[in-house]
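Student: Sequences listed follow chains A and B, in order.
Its first residue numbered 1, the first sequence is counted upward by one per residue in the numbering used here.
Its first residue numbered 1, the second sequence is counted upward by one per residue in the numbering used here.
The set of hints was computed from the structure by calculation and includes no laboratory data.
There could be a bad hint or two in this list.
[What the hints assert, rightly or not] For each label pair, taking beta carbons as the anchor points, the in silico distance ranges come out as:
1. Lys169(B) x Met1(A): 51 to 59 Å
2. Thr59(B) x Arg135(A): 22 to 30 Å
3. Asp12(A) x Ala180(B): 44 to 52 Å
4. Ile149(A) x Met55(B): 42 to 50 Å
Built from N, CA and C at the ideal position, the CB exists for glycine as well.
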Amino acid sequence: MTQWEQHLNIPDIPDKLEFKLAVRDSMGIFGHAPWWEDYIDSLGVHHFMIGRPGKRYWITVPDRGNIYKVDEIRTGFWDVLIQLHPLAGGMRGHGKGPFFISAWKIIALPMALVLLGVMVITIHFWYVRSFKKRRSWIIVGAMVLFPLILLTFIWLVG
Amino acid sequence: MKYSKLVRKIHLISSMIIFSFLLMYLLTGIIKINHNLFEIPPVEVSQYTLPVEKMMDGTPREYTKYLEEKYNFRGRINFKKDQKENWVFNFNFPGDNIQITLTPAQDTLHFKQWKQKMTFFTVANRMHVQRGFKGGWAYTAWAVMYDISCFAMIIFAVTGVLMWFRARKRFRYGWWYLAAGILIPMGILCLYVFWK
Numbered sequence: 001m002t003q004w005e006q007h008l009n010i011p012d013i014p015d016k017l018e019f020k021l022a023v024r025d026s027m028g029i030f031g032h033a034p035w036w037e038d039y040i041d042s043l044g045v046h047h048f049m050i051g052r053p054g055k056r057y058w059i060t061v062p063d064r065g066n067i068y069k070v071d072e073i074r075t076g077f078w079d080v081l082i083q084l085h086p087l088a089g090g091m092r093g094h095g096k097g098p099f100f101i102s103a104w105k106i107i108a109l110p111m112a113l114v115l116l117g118v119m120v121i122t123i124h125f126w127y128v129r130s131f132k133k134r135r136s137w138i139i140v141g142a143m144v145l146f147p148l149i150l151l152t153f154i155w156l157v158g
Numbered sequence: 001m002k003y004s005k006l007v008r009k010i011h012l013i014s015s016m017i018i019f020s021f022l023l024m025y026l027l028t029g030i031i032k033i034n035h036n037l038f039e040i041p042p043v044e045v046s047q048y049t050l051p052v053e054k055m056m057d058g059t060p061r062e063y064t065k066y067l068e069e070k071y072n073f074r075g076r077i078n079f080k081k082d083q084k085e086n087w088v089f090n091f092n093f094p095g096d097n098i099q100i101t102l103t104p105a106q107d108t109l110h111f112k113q114w115k116q117k118m119t120f121f122t123v124a125n126r127m128h129v130q131r132g133f134k135g136g137w138a139y140t141a142w143a144v145m146y147d148i149s150c151f152a153m154i155i156f157a158v159t160g161v162l163m164w165f166r167a168r169k170r171f172r173y174g175w176w177y178l179a180a181g182i183l184i185p186m187g188i189l190c191l192y193v194f195w196k
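Bound-form chain A, shown alone:
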């Protein structure tokens, strides 16, 4: 963890999220501001987090003056891998960042298309080789129906 301070002149912004995003942009960092990583300590000092794959910034809002303290925590390779998985659709709300923020979206799209291609090719092979076999219908039927039945069971029974 590294600690640093930055002198910022942030105007009064009543909306909490907008204030946090203004601090983030003024600091020149990028990431989203989760609402649950935000608290006021026993001394009445406001702390919040800006997070992005690979880093977390815990920011302490000054009670007086305009020096913001930052605890910068590197989270490592696995955290990046895990966080990028659901971010395939893009990093909306992460602010202005370096070029690779949008690059991930471009990479994830062909990967998703390859997976769809796998589905199409599988159906094709199955149709060519096994369409007329009863055993093949039973196996495919079981494989497709099992998760559907499971989902319906969880929905209806809990």
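Once you have looked at the hints, place chain B on chain A.
Tutor: Coordinates of chain B only, in the frame set by chain A:
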């Protein structure tokens, strides 16, 4: 069975398993994306505080086990120590999430419960992001299916590379596709890890 025939067969079986998983993933994903087509039940939040009957004198994992048995909670469990030195325990179950906060003085347990009626949308939405094996046999079966699908994806990729390697003279650009498929995502990952 000949080596090449065996590899082809494994490749096909793993693709069938992936197909089954992808079908569910796409179905729940489509439902998630088109959430405006469904009536989403409101989330009811309730909060209450109870005195501590048993102090946390062991590991947080042991204490989670105690809370689970004492209050009959279910679902995926996680815990952490927050910035105020509270221990926060979460039990996440589709439609029912409970957060328990144990104060540093260990005098009170604060319960916050989010309840949402189980509809087809809420189940599909939550199963799309479901993690862990807790919650009953149906959830365990779902998680096992998930794991098998992930394993099948690895097998599919490896057998795909093996099949291509034997016929690489006919597919000369394979090396480029393979290198791009590995190096570009790895490069992006490294950028996130090492970016200032």
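Student: Honestly, which of those hints from before does the structure not fit?
Tutor: Hint check: 2 fails alone, others pass.
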